[in-house]
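Quick mapping for you: the protein sequence lines, in order, are chains A and B. Residue numbers for the first sequence, in the numbering used here: 1 to 268. Residue numbers for the second sequence, in the numbering used here: 1001 to 1371.
Just so you know, these hints were derived from the structure itself, not from any lab. In this text, all values refer to a predicted model and were calculated from it rather than measured experimentally. Some hints could be false.
What the simulated footprint calls covered on chain A by chain B, stretch by stretch (three residues with Cβ under 8 Å from a Cβ of chain B suffice, anywhere in the stretch; the number is not a length) [stated by the list, open to error]:
| id | region |
| --- | --- |
| 1 | 141 to 155 |
| 2 | 179 to 185 |
According to the in silico footprint, chain A covers these stretches of chain B (three or more CB under 8 Å from chain A) [stated by the list, open to error]:
| id | region |
| --- | --- |
| 3 | 1025 to 1039 |
| 4 | 1058 to 1064 |
| 5 | 1086 to 1097 |
| 6 | 1257 to 1270 |
| 7 | 1287 to 1294 |
| 8 | 1297 to 1310 |
Sample of chain B residues facing chain A (criterion: CB under 10 Å; computed from the structure) [as the list claims (entries may be wrong)]:
| id | residue |
| --- | --- |
| 9 | Tyr1042 |
| 10 | Asp1043 |
| 11 | Gly1080 |
| 12 | Pro1081 |
| 13 | His1082 |
| 14 | Ser1280 |
| 15 | Asp1282 |
| 16 | Glu1283 |
| 17 | Val1284 |
| 18 | Thr1318 |
| 19 | Trp1351 |
| 20 | Cys1352 |
| 21 | Pro1353 |
| 22 | Val1354 |
| 23 | Gly1355 |
| 24 | Ile1356 |
Here a beta-carbon is modelled for each residue, glycine too, at the ideal position from N, C-alpha and C.
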Amino acid sequence: MIKAMSKPKLAVVKFASCDGCQLTLLDAEDELLAIADAVHIAHFAEASSTLEPGPYDVTLVEGSITTQEDLERLLRLRADSRFLVTIGACATAGGVQALRNFADHDEFLKAVYAHPEYIHSLRTSTPISDHVPVDFELRGCPIDKHQLIEVLSSLIAGHRPRTSSECVCQPCKRRGTVCVVVAQGIACLGPVTQAGCGSICPAYDRGCYGCFGPSRQPNAMALSEGILQGASDRQQLANLLSNFNVAAPAFSAESQRLWQLSSRRSSK
Amino acid sequence: MSVAAEEVSWMDRNGLQRLIELLADEGHEVIGPRIDQGAIIYDSIRHVDELPRGWTEDSQPGTYRIQPRNDQEHFGFNVGPHSWKKYLFAPLTTVMRSRKTDQGWVMDSPQPELRRFAFLGVRACELAAIAVQDKVFMGAGTMDPEYQLRRSHLFIIAVQCTQAASTCFCTSMGTGPECHAGFDLALTEIEHGFLVVVGSDHGRRVMQSIDTRPASVDEITDGVRRRQRAVNQITRRLETDGIRDRLLSKLNHPQWDDVASRCLSCANCTMVCPTCFCHSVDEVHDLTNEEILRNRRWDSCFNVDFSHVAGGSVRDTTRSRYRQWLTHKLATWIDQFGSSGCVGCGRCITWCPVGIDLTHEVAMLCAEDAS
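One chain only, chain A, in its complex shape (with noise of 0.2 Å):
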């Protein structure tokens, strides 16, 4: 059980990030002053300049860890923090920037860089949980607004947040939607995804990209083999599970199945 705060020593820290996770509490418009007084607001970086030192009651982290100088600011906010909860799909499962755990490191960096000597990340991108232990994970590229306010409510009230695990198909037929997969044959990552953003892409006649990660328990590969119709598909799906879970690891497991059949269909 989680005693209740008075008002709880926030701080909200960055990693290899794009900032849109953190620019969501800011975007909660409505809700930021209630925020404001329930919470003492004490490091914040991209709201305020006035940094106040550690120890914090809960840190919200955004980002995904990719230098060794991360990682060690890491261990020591871990250290100062009561509560961390990770927020977006950086931080849970090590993001976009994530597509290089599957790739040449080097390369990308003489790509990019006219003198990649003077870069000095890691070769992979990983989630913080790989480095610490974290309380909460919340999901999301970027993360849903409300679940975040649940997440800061419930740890204000002292009991774990409630977000659902259902996947996303359920709020898309919740609010009326007609399923993309099945009347229009969009390849949809709605069946394997976990739900959070309020089903928003079926309902514009687009496929879900999965930006909340998996699902509890998904079964990607018979998504695949359930809606794919050929060598096309098998690549826009997995496309589509390569994006900003591609590390998580139902996703990564499945894409990089589809990638090795698309291989050796093409070299045969």
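Using the hints provided, position chain B relative to the given structure of chain A.
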């Protein structure tokens, strides 16, 4: 079932329009089929022009496409992704509210929202589905106030199927394709008009304000022929003889592992099912913890968390969840409510993204019974 000639009247398309207007004037929200998002869905209807006239659909396991017809029928299709349950048993409802005041916590249940619906185009399998949900939400000791309120004000215009989809199997479940009772009015579309049968006093009252004439013997015969065409087109079968005991004796059959390898556990089947009623109740509080809403939303036995109790999830594998769904729907539902939970509409077959067909699974599970 044959109907005596004097009980069947004929009305034209203008009569149908008048019917929609009369029901709207009575304060009903008229809901009917229309085309949206590449499918025939249920939504508000104000004019016959909004009906999917001249359209039909091709429903296959995991695939659905709307297609133009070569005639101008208004109801020349079967069932789509929506069912009427979204109106009677709403996907999301607030059932309780708690507010912190100076005098302490004040709790109240919001008044159930009365919406007077008139459903236009309810098929026989859907009438059966509404009857199944009536037992769930209006049974002894399980009265749901919102469901009951909406249900008691509901006006139903049934439409007889004159064709069947490949996924239909109402004949196996004894629910269709012909509507016999449970409606205010029942229409059979024939060339240039509709045969109307009255099923309630309210239906009779409404029809008195609409221009009709007694249907001719030829028209009635045409209606019978069209309804028989639907029966003839149904090819899918589910063997229901002794199904309860047969399924419950197969709890360790290897077919459950086979279907679990294909099943996404995504819950699409339960969401589109017109009888599935499972839901969860969540409490949602604001940042200050001074207002707490208790919300009920559609949930599914295919969710790991749905059977989560102290110590973990009771059904922690797709195998156990699929088995729970199928054996509840087709077997233990009979113990619980006195009828099957399946009405043979075929939605779970069509709208499964990977096309899992429960009639096939049952046939595989029970294959040895036949020999």
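* Asked: Checked against the structure, which of the hints given earlier come out wrong?
  -> none
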